[in-house]
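Residue numbers (numbering that gives the first Met the number 0), protein chains in the order written: chain A, 0 to 275; chain B, 0 to 312.
Read the hints as simulated data drawn from the structure, not as lab findings.
The C-beta atom is built at its ideal place from N, Cα and C for all residues, glycine as well.
Do not rely on the hints blindly, as some may be mistaken.
Quick partial rundown of chain B residues pointing at chain A, CB under 8 angstroms, derived from the structure [said to hold, decoys possible]:
| id | residue |
| --- | --- |
| 1 | 49 |
| 2 | 54 |
| 3 | 56 |
| 4 | 60 |
| 5 | 91 |
| 6 | 96 |
Cross-link-like lysine to aspartate or glutamate pairs, in silico, DMTMM-like; alpha carbons within 20 angstroms at most [as the list claims (entries may be wrong)]:
| id | chain 1 | residue 1 | chain 2 | residue 2 |
| --- | --- | --- | --- | --- |
| 7 | B | 23 | A | 139 |
| 8 | A | 111 | B | 155 |
| 9 | B | 23 | A | 61 |
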Amino acid sequence: MPVISAAAVEELRLKARKLRQDIITMIYEAASGHPGGALSVLDILVVLYYKVMKIDPGNYLDPQRDRLVLSKGHACPALYAVLADRGFFPSSYLSVLRKIDSPLQGHPDMRKTPGVEMSTGSLGQGLSAANGMALAARLDNSRRRVYVVLGDGEIQEGQVWEAAMTAAHYRLDNLTAFLDYNGLQIDGWIRDVKSPEPVAEKWRAFGWHVLEVEGHDYASLLKAIGRAHTNKGAPTIIIAHTVKGKGVSFMENQIDWHGRAPNKEEYEQALAELQK
Amino acid sequence: MTEKIATRDAYGKALVELGRRMDKIVVLDADLSKSTKTALFAEEFPLRFFNMGISEADMMGTAAGLAASGYIPFVSTFGVFATGRVFDQIRNSIAYTRLNVKIAATHTGITVGEDGASHQALEDIALMRVLPHMTVVVPADGRQTYQAVEAIAGCEGPVYLRLGRPKVPQVIPEGLPFELGRGQLLREGKDFAFLATGITVGLSLEASQLLERQGINAAVVNIHTIKPLDKDLLLHMAAKTGAFVTVEEHSVIGGLGSAIAELISGNYPIPVIRVGINDTFGESGSPEALLIKYGFTVENLIKAGQTAMEKKR
Ligand SMILES: Cc1ncc(C[n+]2csc(CCOP(=O)(O)OP(=O)(O)O)c2C)c(N)n1
Ligand SMILES: [Mg+2]
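Same shape as in the complex, but just chain A (with noise of 0.2 angstroms):
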């Protein structure tokens, strides 16, 4: 990946501005969702999506695209933003999230959403599905690539870890898996829940590759990501440091923002932050 420049950082910088205001407002429209993982997962898919996926939303079943899994799926309003703003549907169903008849459902389903590859939602089964096709990606003889994006608490999980041996034993260096580290869960914070720490020291056991950075640093994410590249005969995982609820003061570091919707006062509060 080639260094960014300041003038591409602020471009993706607007941008994240403008869809968190779409991931506020979907939310909000549909009065039920998941704003706080939506919040600090979003810098990590927009620098994917707009720097580095090989995709194109015009043919977006093409067997040679890039592949992207969001195992954490109830952050999908984040996924819904980026996929209508790259052009994956329409810009009009945002407004009809979670509603009746609603080609977006409340978690991802792939086979009602353009652009979503797998459906999840059931934490812990979604580095299984992107092994899976890192494998046919290698069958294929295919260069393309496969992400994946796992929450802190999601790896609470017996299946995460099943699949992080089936990653590094099959050597799947055309894999790379992001993890949302910010720190809380539904009943609190993931160290007093049941901690998965030391959790850089676990990969690592477990044979990957493993990196940390700042997780809204578009620049530390685009490095790590060409170091994952680059990276032979191992699977690489990117922990990323994050903020639950990111951009929207009174949502970040609070548990009550993992799953409800703001009321319209705290709508229009929300939207002012992100508007400045």
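On the provided structure of chain A, position chain B with the ligands as indicated by the hints.
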């Protein structure tokens, strides 16, 4: 009846043949490839075989990812670990997604034998049948297993294929065509019908022969596809015979008998007597001894037939 062959053996060989013709077929196993017979495929196609270790949940998800990229994964382990152990993975990553994953479980039913209850899947049909988009197939013998493997490889979408451990006789006449979702009328009869699946098809044929000597005409239908059920044939048989006996090496709750009772009660209500495992776990023993202890005998089938006829109006 010729040579006996286990349906798992037929599966292993069928996979290899299919692998030669279809390069999109890949096979996953969870450290049981010698028992499930996927080792045969692994030997010939090492690059298309993935041993996932003892990680059934991960195996299901990996298969989903392979299918999402155009491959046709056959996933094998014992029935208990291929269904209940990974129900949510199958539900969310395979059935909900309608991905083209073929779950081929060996070691199902009471005839798993000596390993005992922990390894005897008696609820797997129920678990798989309840999932939307899932097709459920139970071949009756080795030859039918070949046909079934070929058929499911060629159809799009998730399938549960139920296979067995012991050697079983050939009971389906050679040359009888196999079509997914179509039952096979093996013996005509008017007094009642046995609707059987898997290894109980042969037993039902035997029972019907004995009944004939008593002047009772029992039809025998092989329901190799439990989902989708052959509605036309079943309603036709209901009208013709007026009473059913279902026979399955599975719990009487949720399996073939339940599926047929559900169909019949709303469309053509007649008595349906269900022969199977009566809401209990299994235990260790030889397959033969277990079959007798749990009621898979000609006498028990005949008794069920008499009960069914008595309940006719
Ligand atoms: C298997 C499963 N168990 C429980 C849930 C309910 N659930 C949804 S989100 C969540 C917390 C996730 O925490 P984390 O992975 O840290 O996500 P984030 O903080 O990014 O929102 C839970 C328990 C679920 N979706 N799936
Ligand atoms: Mg978290």
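Status of the hints after comparison with the structure:
1. 49: 7 angstroms, holds
2. 54: Interface hint status for residue 54 of chain B: holds (4 angstroms vs cutoff 8 angstroms).
3. 56: This hint holds: residue 56 of chain B lies near chain A, its Cβ roughly 4 angstroms from the closest one there, short of 8 angstroms.
4. 60: This interface hint holds because 3 angstroms falls under the 8 angstroms limit.
5. 91: Holds, because the Cβ-Cβ distance from residue 91 of chain B to chain A comes to roughly 4 angstroms (cut-off 8 angstroms).
6. 96: Cβ of residue 96 of chain B sits 5 angstroms from chain A, so the hint holds.
7. B/23 <-> A/139: 10 angstroms, holds
8. A/111 <-> B/155: 18 angstroms, holds
9. B/23 <-> A/61: 18 angstroms, holds
Checked against the numbered hints above, the structure breaks none of them.
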